[in-house]
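Student: Below are the chains, spelled out letter by letter.
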Amino acid sequence: MRTTTPRQDLMRGVWRENPVLVQALGLCPALAVTNTVANSLAMGLATFFVLLGSSVLISSFRRWVPGEVRISTYILVIATFVSVADMTLAAVVPDIHKALGAFIALIVVNCMILGRQEAFASKNTVARAALDAIGTGTGFLIALTMMGAFREILGAGTFLGVSLFGPGFEPWVIMILPPGGFLTLGVILLLLAAVEQRRVRRRAMKQDPTPLRRAA
Amino acid sequence: MTGGHMHGGGAPPPPGERASSGRLLVTLGGAGAVAGGLIVLVFAATSPAIEAHRAERLDNAIREVLRGPDRYDTLYVTGTQVSVDANPDAERVYLGRDASGRPTGFAIVSGAPGFADVIEVIFGYDPTTETLLGMKVLESKETPGLGDRIEKDTAWVGQFVGVVSPLEPVKAGRGTGKPTEVDLITGATISSRTVVRIINDALARLGPALDPNGGTPP
Amino acid sequence: MIANLAWIFLSAAVINNFTLALFLGLCPFMGVSGKVSTAVRMGGANVFVLTITSICVSALNTWVLPRAPYLRLIAFIVVIASLVQIVELAIKKLSPTLFRELGIFLPLITTNCAILGLAVFQTNRGYGFAEGLAFALGAGAGLTLALVLMASIRELTELSDVPAAARGLGLVLIIAASLSLAFMGFAGLLSAG
Numbered sequence: 077m078r079t080t081t082p083r084q085d086l087m088r089g090v091w092r093e094n095p096v097l098v099q100a101l102g103l104c105p106a107l108a109v110t111n112t113v114a115n116s117l118a119m120g121l122a123t124f125f126v127l128l129g130s131s132v133l134i135s136s137f138r139r140w141v142p143g144e145v146r147i148s149t150y151i152l153v154i155a156t157f158v159s160v161a162d163m164t165l166a167a168v169v170p171d172i173h174k175a176l177g178a179f180i181a182l183i184v185v186n187c188m189i190l191g192r193q194e195a196f197a198s199k200n201t202v203a204r205a206a207l208d209a210i211g212t213g214t215g216f217l218i219a220l221t222m223m224g225a226f227r228e229i230l231g232a233g234t235f236l237g238v239s240l241f242g243p244g245f246e247p248w249v250i251m252i253l254p255p256g257g258f259l260t261l262g263v264i265l266l267l268l269a270a271v272e273q274r275r276v277r278r279r280a281m282k283q284d285p286t287p288l289r290r291a292a
Numbered sequence: 063m064t065g066g067h068m069h070g071g072g073a074p075p076p077p078g079e080r081a082s083s084g085r086l087l088v089t090l091g092g093a094g095a096v097a098g099g100l101i102v103l104v105f106a107a108t109s110p111a112i113e114a115h116r117a118e119r120l121d122n123a124i125r126e127v128l129r130g131p132d133r134y135d136t137l138y139v140t141g142t143q144v145s146v147d148a149n150p151d152a153e154r155v156y157l158g159r160d161a162s163g164r165p166t167g168f169a170i171v172s173g174a175p176g177f178a179d180v181i182e183v184i185f186g187y188d189p190t191t192e193t194l195l196g197m198k199v200l201e202s203k204e205t206p207g208l209g210d211r212i213e214k215d216t217a218w219v220g221q222f223v224g225v226v227s228p229l230e231p232v233k234a235g236r237g238t239g240k241p242t243e244v245d246l247i248t249g250a251t252i253s254s255r256t257v258v259r260i261i262n263d264a265l266a267r268l269g270p271a272l273d274p275n276g277g278t279p280p
Numbered sequence: 336m337i338a339n340l341a342w343i344f345l346s347a348a349v350i351n352n353f354t355l356a357l358f359l360g361l362c363p364f365m366g367v368s369g370k371v372s373t374a375v376r377m378g379g380a381n382v383f384v385l386t387i388t389s390i391c392v393s394a395l396n397t398w399v400l401p402r403a404p405y406l407r408l409i410a411f412i413v414v415i416a417s418l419v420q421i422v423e424l425a426i427k428k429l430s431p432t433l434f435r436e437l438g439i440f441l442p443l444i445t446t447n448c449a450i451l452g453l454a455v456f457q458t459n460r461g462y463g464f465a466e467g468l469a470f471a472l473g474a475g476a477g478l479t480l481a482l483v484l485m486a487s488i489r490e491l492t493e494l495s496d497v498p499a500a501a502r503g504l505g506l507v508l509i510i511a512a513s514l515s516l517a518f519m520g521f522a523g524l525l526s527a528g
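Chains as they are written, first to last, in this note's numbering: chain A, 77 to 292; chain C, 63 to 280; chain F, 336 to 528.
Isolated chain A, as found in the complex:
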């Protein structure tokens, strides 16, 4: 019955099926709060917590939840964990909570989380669901931190608030404004697509030395 190894469960979401960069899920937070590394880390960790909590809980109770109300139950569980994360962040790191604002509440409608419940946690053992959630959550965290670093370094000349280039640096302010979010993710996706295309073409060349015209 088992078709994947635990290692695959864990590693799948980190890069090969990265929720943001490959599946284009959870774009709203990935674009909205990645103007600094600190905000990206906070959002990534909060989402990680919600995803892991929901996956473990839903997988434990998967036998008792009737199919007709499963989506409502999932959303209820996710909303609970988000409320918990929201209040905890407000109590522990009020400044970051203020910077993220409404986008913490919006973790509820991050399709990545609901997607993992429906596609994986509701059909697999607790251990496997946890591995899957850890992998996917890490992938999300990596994507967000990558964007945050890119945007903060170019847009403010700092990394985690520490100045990198000295006073002569003229920050590319647009990068920490909304257009910079779209631009950053767009450029990352274009680069990944170009790399992937080259890999596909090279493999095709190896198998068949006659030049192949391959569209991705």
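Only true hints are included.
DSS-like mimics (lysine-lysine), calculated; alpha carbons at most 27 Å apart, straight line:
id, chain 1, residue 1, chain 2, residue 2
1, C, 198, A, 174
2, A, 174, C, 203
3, C, 233, C, 214
No lab work stands behind these hints: they were computed from the structure.
Please arrange chains C and F on chain A, whose structure you already have, making use of the hints.
Tutor: Chains C and F alone, transformed into the frame defined by chain A:
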């Protein structure tokens, strides 16, 4: 663990199978109850800290714009009436007092739409001399590097100490040295003009209610 | 009062456009923005659901949530989802034409971040009933505008020779970046000039 009475093994419920509506209600109700309980627990555990942070942020701002009063009272303004009785519908002002209990000035919170979004400021005002004691931006989403200088440019913020009401915005370097003038920021004219306007509007609105003697001492 | 409502409407529609500045409603923006006609109908359905949501949220904020602020998120989700479903059924019964135009989008929209975003922003900013309604209409107009603009540009890219690697989401995001940049030009509208 007596579960799985409807479905064998770990397989998900087959799509064709229908559960009774009673069971659906029990599932949703149970999940709701557990969710509600958990949230209330976390709320009880975190709300003191959250409240404390919120109060601390405002408290720091009030002390800053009143230039370190010995203490301050919260007053509630309705029309031209000022009262010490808590009233959730009234606008709040904070009256600073020195060590001998003498009023030193009011801290007022007000806001208006700026360049990008609503700007909210707090400022200290002394009605006896009609001068400002200080200004601090509480909330703004102005452009980094340009509009956000209304918060981060200490020289600009410093202008509000001792300026006489009503404020007159002037282009940087075009001032004539009058005590009411506030230089605008080049490149952030709208943001800086909005701050001046917020203060003037708030004083026009609240001014008549602000008794230099601070009303009845509580 | 009117000036305040106008500011709220314009702010949500263009200055702080829901999609291009706040990144809300991205799923339909990326997914359903291939054709202008679909985009217009999606926008219409959004305006509709946003308005209902705003009314629900005003009611919840007035009567229920002051007593239980911690249940905010759950209350929003549950109430919005059920109400939209009820309205969907009602439309199906009352006006099959309207249902055919907007119906298929309604369930999609309910789980869209623009809807919950509206609810949360409206609450955080302390908007009352009229302000909430202006906010919802502005947000809906903003979403529709962004969708239609994106769809008209994408219709053109269908005909142009785009490098294979850029076909798909990468190109959409770059177009969105340009639109978002253009919309920044609306900043300063209606403020102290």
